[in-house]
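So the sequences go chain by chain: A and B.
Taking the numbering used here, the leading residue of the first sequence gets 38, the next gets one more, and so forth.
Taking the numbering used here, the leading residue of the second sequence gets 38, the next gets one more, and so forth.
Careful: at least some of the hints might be erroneous.
As the list makes no split between identical chains, a pair holds if one copy fits it or if it spans any two.
Distance condition first, Cα-Cα at most 25 Å in a straight line; then the derived SDA-like pairs of lysine to any residue [as the list claims (entries may be wrong)]:
{"hint": "1", "residue 1": "Lys78", "residue 2": "Ser93"}
{"hint": "2", "residue 1": "Lys78", "residue 2": "Lys278"}
{"hint": "3", "residue 1": "Lys207", "residue 2": "Lys364"}
{"hint": "4", "residue 1": "Lys269", "residue 2": "Tyr345"}
{"hint": "5", "residue 1": "Lys364", "residue 2": "Leu69"}
{"hint": "6", "residue 1": "Lys214", "residue 2": "Val321"}
{"hint": "7", "residue 1": "Lys461", "residue 2": "Phe264"}
{"hint": "8", "residue 1": "Lys207", "residue 2": "Gly342"}
{"hint": "9", "residue 1": "Lys404", "residue 2": "Tyr40"}
{"hint": "10", "residue 1": "Lys100", "residue 2": "Ser436"}
{"hint": "11", "residue 1": "Lys78", "residue 2": "Val98"}
{"hint": "12", "residue 1": "Lys78", "residue 2": "Lys100"}
Rather than coming from a laboratory, the hints here were simulated on the basis of the structure.
Predicted, not measured: the structure shown is a model, and the values here were computed from it.
If you want the building blocks of each chain, they are given just below.
Protein chains: 2
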Amino acid sequence: MRYIEMSRAELLKEQEALLSKYGQYKEMDLQLNMTRGIPSKEQLELSMPMLDTINSTSNLVTKDGTDLRNYGGVDGISEAKKFFADILDVSTEEIIVGGNSSLTMMFDTISSAMGHGLLGGTPWANQGKVKFLCPCPGYDRHFSITNYFGIEMIPIEYIDGQPDMDTIEKLVNSDEKVKGIWCVPKYSNPTGITYSDETVRRFARLRPAAEDFRIFWDNAYFVHNLFGEDTKLLNLLEECKKEGNPNMVYMYFSTSKITFPGAGLAGMATSVTNAEAIKKRIAVQSIGPDKINQYRHIAFINNSGGIYAQMERHSEILRPRFTAVAKALDENLTQSGVASWSNPNGGYFVNFNAMIGCAKKIVSMCKEAGVVLTNAGASFPYGNDPEDKNIRIAPTSPSVEELIKAIEILAVCTKLTAIEQLLKNS
Amino acid sequence: MRYIEMSRAELLKEQEALLSKYGQYKEMDLQLNMTRGIPSKEQLELSMPMLDTINSTSNLVTKDGTDLRNYGGVDGISEAKKFFADILDVSTEEIIVGGNSSLTMMFDTISSAMGHGLLGGTPWANQGKVKFLCPCPGYDRHFSITNYFGIEMIPIEYIDGQPDMDTIEKLVNSDEKVKGIWCVPKYSNPTGITYSDETVRRFARLRPAAEDFRIFWDNAYFVHNLFGEDTKLLNLLEECKKEGNPNMVYMYFSTSKITFPGAGLAGMATSVTNAEAIKKRIAVQSIGPDKINQYRHIAFINNSGGIYAQMERHSEILRPRFTAVAKALDENLTQSGVASWSNPNGGYFVNFNAMIGCAKKIVSMCKEAGVVLTNAGASFPYGNDPEDKNIRIAPTSPSVEELIKAIEILAVCTKLTAIEQLLKNS
């Protein structure tokens, strides 16, 4: 029976049973961690053969004469640029392959815009308080970057599983202080949704009030499907070109969840004009990225059947985890009707919504019972979930057994918190 | 006979002979490049065994439980921090080990100071036109960074082989717009000099007018001696602490010229207070450096007899090159008395001074004869050598034969340019 349909007496009885269960969990002295969207040990093992790709007998001078060991090359080796250009369906002139972190590239793009301005424009820092739109729940580390630079963050809701394009269009096209928007367009963190063709086209058709408005398109999960079927995302750069707005988008990607999170490759795709401007900055910043690691990656992925074969191996490891979480959520929570959650086709998260006003309490109760969840509100600008209902579940790293136990406890806490609220309001 | 003592007739005769030689060189269709301070192929080979240090069977979880393959760790793995802390005689809390480029770290420190200010101070960008002192000739890429950020660069001369400390003290201690100074304190680029104990102590005793003044101490050649004997550099961080100025210095280092320039490690040493502030920024910027490459480095260097053994192997390769250059310069130029040059004990360059007003002409004549040198003036802020006499010679990458030929041609061009000037003035 749904809690909302229960009588006060029924709720009290249910509460008593749940409190007893909760007490038992607390005594178990569990230590379960579902905070971090990181690959599991088994996934890391998949890329160990990469470390054999290059050894002391390798020829590290590439076809075009580049010595991978020495200085040089601001935008990555040609092999890596071609590899990602092919996957992303852009030209090699539109690709920059860098170090191990796409986050660092995003940070630097914004740092560059703040201090130097984009394509000859006034530095954002000299334009008063500038703003970013933040579809949320979203990626907490995006919001940390804009917050660090003192950029005002405006939350944007999802409507029917897509970002609220009406509001986005209104704000971007009318307010020249709106300089950017954070997007995770595919298997989004944490909602799991993928932007529809119509959403992508509406992005491309934006007519920003600010010439230096940019879409920060963090395609972090571009090949990260969970069930063998790719959810197609339209190529925003291509669409922007069709609409005469080629410079409006920076697309970021990385191999952090394809090879090794700490030792992968990151890159970006953007218009040739943007890419040329960025390369000029990189030329001041460094004497080139780690070309050996770039070569190691491309050789490994090509040798192991290509990127989709590698991702299929990842999803074989992840699928039982996501399936177990979905099943446990269903078994423990569907009947009560006090929570809803996503069933993503890709990415790294399950998005969980409790009753309004309950998320912080749930996270704190889980912690007392040995289950650490991401802080409630973390997926919102300034860590502030206005409805205090959203919790991000990261099922990739724990084992299936740990996940089932953790979801059981999450369910008990969610139900107890809901009952408490229902009793208060009844 | 010294040219300056020659009669007009003698000069004309010498000129005729040199022009004939120069003509012969031009016909040889040579292609010699002495522009870049990069390791030679032979040096790169020294580190090839590093690529065997880690392979698919390696245990990549360190003693403290860090999985080197996964996310995490803003300031480097503890093994790498300890390694560099020991060499630099600082504590591990004073060390940050990052990615592959110390230049990127310097850029980021300045970017951080410009946009956010240092330790709670006003951002440099909001303090009007700020200034950097630039002992020169110095490292062109330092000057590119400050130029990129619109920081005014004030050239500082060397006096008796040391930076002009009187002027430095006067400017730093009186002008709060002076925010920094670029130093390559050991085997300096390009002069080859090492700062004396007295110079280091005078740096530590600075009483800057600006609270947010910093010494950018690029210790790029900290273990890079050429002749088996280390020129000792005093530990500036230690000296600054003694003087009650612990936060005044950022010391940078890298393995670019120890292992691989493109795929090495970079780091910095600074006070705990500075380090903590930098780590807060890094935590927004990335989810940690390439820990696998850090581990690979430390294991390799330890396995191959330590850093000094590795550097001795480098110097065995470099010594014949520097010796050949010194000999060729002496044989071709000493008698004429129209140039002077350094005989460095370490580092990557020979510093060459022609007669005043001659450097640009010499570089251009060399180019016509197939010898490419670094642009005249490159070692000065804004590329402007006020006396137009300085040329940076980079002898590490070409072969001994190439170097001898290149120096012969440089000598001919230097002498021809000198004669032209002497005839004009006579």
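Which earlier hints can't be squared with this structure? Hints 2, 3, 7, 8 not satisfied by this model.
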